[in-house]
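Here the protein sequences come in this chain order: A and B.
Numbered by the numbering used here, the letters in the first sequence go through residues 19 to 446 in order.
Numbered by the numbering used here, the letters in the second sequence go through residues 2 to 872 in order.
Keep in mind the hints are simulated off the structure, nothing from the lab.
Treat each hint with caution, since some may be false.
To be verified - With a straight-line Cα cutoff of 16 Å, these simulated EDC-like cross-link-like pairs (lysine to aspartate or glutamate) come out:
{"hint": "1", "chain 1": "A", "residue 1": "Lys38", "chain 2": "B", "residue 2": "Glu490"}
{"hint": "2", "chain 1": "B", "residue 1": "Lys235", "chain 2": "A", "residue 2": "Asp23"}
{"hint": "3", "chain 1": "A", "residue 1": "Lys240", "chain 2": "A", "residue 2": "Asp202"}
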Amino acid sequence: MAPHDLRRPFKRPAISDQQKRRDLSLLRQAQSRRDAQHQARCLASTVLSFPTQNSEPVPEPQAVEEIELVPEPEPIYEESEPEQQAIDIDVRQASKLRGAEARRWFAKQLMLPEWMIDLPDRLDQDWYIFARPAGKRCFVVSSNGVTVSRLRNGSLLHRFPSALPNGAKTKDISRSAQSYCILDCIFHELDQTYYVIDMVCWAGISFYECTAEFRFFWLNNKLVETRACEAPSVFHKFRFSLVPVYNCDKEGFHIAYTGAVPYEKDGLLFYNKHAHYQTGNTPLALVWKDENCSKYVIDTDSKGHVPHQQQVVLELQDDGKLTASDDPPVVFGCLNGDFIQKTGLHSGYLLRFTVNEGGLRFVDGKLEKADLQYLGKANRARAFADSFSKIMFQYMARYSPLTVEHLLASISSSNEQENGTRDLEMSG
Amino acid sequence: MAMEVTQVLLNAQSVDGTVRKHAEETLKQFQEQNITGFLLSLSGELASDEKPVDSRKLAGLILKNALDAKEQHRKFELVQRWLSLDVSVKTQIKTCLLQTLCSPVPDARSTASQVIAKVAGIELPQKQWPELIGSLLSNIHQVPAHVKQATLETLGYLCEEVSPDVIDQDEVNKILTAVVQGMNASEGNNDVRLAATRSLYNALGFAQANFTNDMERDYIMRVVCEATLSPELKIRQAAFECLVSISSTYYEKLAPYIQDIFNITAKAVKEDEEPVALQAIEFWSSICDEEIDILEEYGGEFTADSDVPCFYFIKQALPALVPMLLETLLKQEEDQDQDEGAWNLSMAGGTCLGLVARTVGDDIVPLVMPFIEENITKPDWRQREAATYAFGSILEGPSPDKLTPIVNVALNFMLAALTKDPNNHVKDTTAWTLGRIFEFLHGSTMETPIITQENCQQIITVLLQSMKDAPNVAEKACGALYFLAQGYEDVGSSSPLTPYFQEIVQSLLTVTHREDAGESRLRTSAYETLNEVVRCSTDETAPMVLQLVPVIMMELHQTLEAQKLASDEREKQNELQGLLCGCLQVIIQKLGASEPTKYVFMQHADQIMNLFLRVFACRSATVHEEAMLAIGALAYAAGPDFAKYMPEFYKYLEMGLQNFEEYQVCAVTVGVVGDICRALEDKILPYCDGIMTQLLKDLSSNQLHRSVKPPIFSCFGDISLAIGENFEKYLMYAMPMLQSAAELSAHTSGADDELIEYTNLLRNGILEAYSGIFQGFKNSPKTQLLIPYAPHILQFLDSLYMEKDMDDVVMKTAIGLLGDLADTLGGNAGALIQQSLSSRDFLNECLSSEDHFIKESAEWAKLAISRAISV
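For reference, chain B alone in the conformation it holds in the complex:
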């Protein structure tokens, strides 16, 4: 069945476009017409040492892509296709793959490794290919080093591909033994040692049991630490990567090794080449991540039942760690602030310093202050920048009590530096530091304000002035202004920014028009700041926000008028439209929140809606999402008046709901349907057939990102609440879907945190749907239609209660639903509720909850149930 494909594969890599296209077409046809023959031919090509390396590589790549895909639904199809193939065919392909591992051609071996891992990813969970690991391990003992190297690499990919629970501990032990032996200093071949080290990185997740065994753990740690001293850079780098991974996976096992690791990392940071030094710094950043999480988890109080204790590694290492990190700050690169992709020692060191400050708080301040004082006035820009960056880095973590006196002294210096320092880097970091000051030390919760009536004007003048500086500096100045405004978020009816409001808005608009506003994200930053300034504005400045409406509308209008743009210009135009729609969204939400401004704003509503509709004519997901969000805000503000836009808007709403690929657009559109339901109430009825059809399709689709499904269920509730008993005709479709989703989400046994979180979102959506439906039918003569669904819902609530893994939101929604069911069904529900296993316990638990929302819902449920039972 196999066919000669060498030439086609080579042609598919031809520089000649026509030849290439033809070859691709041939391959596609082959695949479609005869998948078995296709896969056999490719595996034969890959395995044959007589074939050119290029055709072998491509054959392997196509094989790999025939087994896996990024999109979930496509991946599922491919898995099913492979599983349905004839066993003898699969055996033949797998034999070819394993055989390729022995090839003298490195690229062929490496490609085969990856394909084997993909097949293993499909078959091992199905308990197929049981002999795989055994035959790989037998390779390890073969003499040619390249076979050993390829086998270790395969084991690494395999560990990346399959989940630890599908491999027996016995086999895990053998894999780890082989891998760690391969890493050992006694292994003479560097390729083998590197492959083993990289494999260990992936295999670490399998080593839970081995890490609880002191001897095995000591052995693994010793081998990893030794590998960090290898003469080969790549091995050192890979070994440090293993340490980084161990720091998060096995944090609680690190205590005996931490001193040695500090010495190793300190040496690497000081002396080793950058790729290695960066990993060494990353180790400490990762430890900070762990300790920040742990300390957050138990809010400063360590209790016996906390999962993982904090070992305060950072606190202990502090006196040595901080000087090491400060040292790195002086190793800046010339243009790092203009280079988006830059990542170097000083950046990694500064970032780590910031994490250290968050981990230890006040303790870091005395260790950093001397460095700042010594360097901040030095003639070398590197020293001034490093000092400023150190200062900016430690502003999050230490208490305001500790920082405020220092900031009060530093503020004037910073403002002066931002205006006068000759160096772009220093100004960039200074503006960033000012932003951090405002972010963490300015706001209504601060006891001593750092911004006063005296210095406010100066601060604003400097920031607005800096917005005319180089794009990277201007962008940071915008950021500082953003946090300055945010600090006045809940200032009350009168904001200290009011006198400067007009000037700030004007300056930001001017920035957006700068010719170089496309650099350093400047335009985006200016609009974001404008948004925040509007969000945090008070009634005093409402007239000025109102004046902004026609200005932004005009900008949006102009982008829509531009014709026939080149594709990169169109992309920029789309980005700008997105920003403008975002800005309008913020303005609408602001003005819509109070009656008088809403009234005035609504005079623009027709024109704005018209603009949004034109925006939908452009093909860009971000723009659609932004316009959709803005329309949601408009619907919320307009209320029933929004009905007049529906005839024209509806098709875009439908398009949004059909947008599986850009699921954010779909998700946002689902939210907007909810907004419109609440705005139009029963006037949405004429559109409900279409909307419900789309929502039901979305739910049935396995292409749509799963995160959109919970909001779709909630949206059912919104619709029912809006149209009441008219929801009747959708019951026969919606209820079975809710029912089967409920069954799926009732139990989470064996799920990881992420899945439990998702399951709770799903549960909440389902419960909100039921609540909306029951409330929608209340007082209607058709409530009896819901009676048949009640037993299942009560069962669902029972199982949620039994499962004991609801989060607070689900608990609140669940107990509320119990009330809604009782409220709508009245006497009909009374008996059912009394029969249900745990309603009473659940209710009592919620009634005594400390969460206000749960308690409130529980009280409502109690009332409704007692009414239902008393009938």
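The following block holds chain A by itself, in its conformation from the complex:
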């Protein structure tokens, strides 16, 4: 047993720089992990504070309907650039937005059905159908004791108390102060009712990543429980209502198309059962209409008249191209530089055109040429150009519409195919 070494550090700092580098790295990593964790946690808990923070009333635009051309005010000049940014932020950051920015952000949050210009496969198997209420499409957000509805272009529609979770300042203590809801609705003027067509968040739980089947199931169960479907009262200014949804088989189609509903119908909506809630244009939700189920098959102008020629709204791009709102954009034509300069137009402007005699020409299903004539700038409240499917639907509606017979034929034929397959399997 030898004596023990008793040397102590002499004229040396207690910690080496290498150890310091290690420690600082660990510190940075721990900090980053905390940040990442924090960010993940905030994903859910932020929309909460949003409506109250943005409570300043926004001047209501004149009746902005989703489908109608009317009215068409001036385009929003400053919109194009900030809009790019708005795409990149998500729910958690939206809470920090104010005023115009908030509008821009919300304008991007709704799922926008494409217009039905051809028939999807397995319509009767994979799709739901329901009669679309006529009215203003909007996002309804309840949180912190207040309910706020925002239109498709992001502007404020109503701010009111509701029976939705946390939608009013009641003494109902069973409800968590922090839970919140986001519903996809159509506000029906006649009976002053919000018809709920989809559910995005319920009591703080996000449904973005859930299938339509799951969302509708949940919606049907939960909405009634809240008593939001009951008649208006002090703490519940507007009634909410469910829309009856059917499987898109023969029977379901029949009821949706002809059946009586308490609201004015504006066409039929088709939702793919397996699709998630996807913001922006999606081919997994479709809208279709004819004269029997909608007053507004063909777009009207601001005076309610059907214009002689089809009108379209397109977005002007940097290179003079005119595109529909789809992603990737579909090009309908091009403005030459001289014209742009002369008229003082900028990229990002939404412009209105008529479709002239030349019409739309297709080669192999692709748009080849459009005969367009410039009318002027589009309504200021417009947030987007028309989608390709909308322009096509309107065009077809004027010349060779997709009829109810086509739809019915598709539903029955796929039934037969299905039966055929089954037989084959049994014999095999």
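Add chain B to chain A, keeping to what the hints say.
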């Protein structure tokens, strides 16, 4: 079964390499083919007095190595192997060992002592070999002194080897009695007395009960103190070692003896030979350590429930202690500053003086100042150096109020001495003292700055000038500059160093190129200082830091170009590469922290990454660690762009994760995986199979240092957070591991502080893993996959809460996890949480916590839970 091994053992020590190698090979084969025969032969060899001493010694050594190893996993294997041997074989070996203690050959006895202790270390905790201590103690009463000496030595090794709780108090009493009797002045044989004294050093840990008994304690203390007066130097030295050990183990029992001990130590410091005097000084250093800890523990406020009260021994001894220590300062050796291994009276005395200053604070200043004033201008360099060293030693501890006026006066003198003093020692200590001044009295928290606009330029000029002095002086000047820069750490947007930044950096680079920069750690110190200067720089000098990037890159490039170096040169090259990677890491972290500089810096990213990849081709753990750390910083700065480096970098990442032996490399690599997860998010997915495989292997390995395991668990969380529901396929592997680790770490009963600390690290890692996994799956349709794991996790949280020994970090992570679980599982978790035993109490306790982080996490948990319950 035993074999004749004498010749092989002798051959294994032959000077002839071939013979030696052959013998080693033979022994190895024997061991592999017939372990029983092997061990029996060795023990027989060791026990036989007819065999040559060299073969006996080696036999004992090999036996010892067959029972114990440094690496944990190897040690475990050896223990298992011994336990599985046939009882009769073990008995035979043990008999041989005990028999050897009676051998007339000292080396054989001593070797046997150590082997017996190793066997005892394995068997006593298993309640085997119950007769060992009894038979050893019966030896004590045997007549031949050498048997007594060997037995006492064995008891000493035994106490070192086994933990106190495996030996009954009854036997402890007998051991201590035998040992202390052996130490007694009445013991005529010095060898016996020395063995007993050294044994007591190890046996002190067993004497808890005896030290609470006044009579027994008095007796032990008297015998130890008497032994410090033995005519035999080794006995005095060993006795002082016992005092040092007692000072930390039984601090609270020392009051009645402290006056006597002071007298004994003072005499030893003054008169005794150096090895004894050094132990005497160490006694007081050790008392300082204790009192500093105690005073830190209760932050100046003594409360009734403090574990150990402070007896202020140092404060009381101060008037006598300080002059004693000052005296030692004048006993410097000529070249102690150049000699890495030096440790002498003046060094020990100065170090102790520094500890005394930290213990008593202001009170030391008036006691030291006269010594400084008297000696600092003396013609004898020893006096000037001692005065300067005394000054430097007392700069930590006393309040700035007390020191600043003195420093203001001394500063100019110090600067002049550093430039003009003819003696290398004096300059070395002066530069060191300046460093201490800047370390403790310069910084944003100081009320009166000691560095002003007026003297800043002069200070820097002197320091930069000194960096051209002898390596040991230059190294201290670099150190001073290090703390000078550090003091401006949070100076704001404009630093007083800005005007000198370019010059400082240039001078430091020049130092790194000095031919003698390898001496006195000079090059390392210069790079460390450069790092600190960069860390503490402000936006004003960012362009200059940017200019440094290509310079350091070029240096690194040059080290990589050097070909075919001799092995010692390669080692130096590796060291340099490590320093350069470290420097780049600091620069990357600095420039990456602000957007504009990051943007410019990233133009170098490709080239830097290329250099790092080449560095990995070199075989040196330190370099790998440094390069890995730098890559972590680069990933953090690069964000998603880091993806392009992954194809090439991945294999080194994997190599790092496989590096069990150099666990620091493994640990750092695990941290870098986290950095990359956060940088790449789901783009890391293609590499996750490989990474997860390695991490799971690491966790299952008993070779890997345990400290790496908690960060590996945290890393699971990082991965899941990055790849979300794609973590699904790893759940079946990761979750059971987390679950069993959680079970192991839930309870700490009977663990020591170190183990409790480790357990808390482990818990934190496990909790972070769960948090990351739950957050990763949030909003995914696959959350239901996690439901089966929820009850166990809630149970784990319950038991953590019940156990009441979580630290704040664990508490914060644990309550956060409760929130994550509720957040992700929503309604599914609501009922479970309501059923859990203590969630509500735990949450309430955290909500009212004073710790901001705990409170914040608790508020999050409350929100998530109330949402889950309200569904």
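Hints versus structure:
1. A:Lys38 - B:Glu490: holds, 14 Å
2. B:Lys235 - A:Asp23: holds, 14 Å
3. A:Lys240 - A:Asp202: holds, 14 Å
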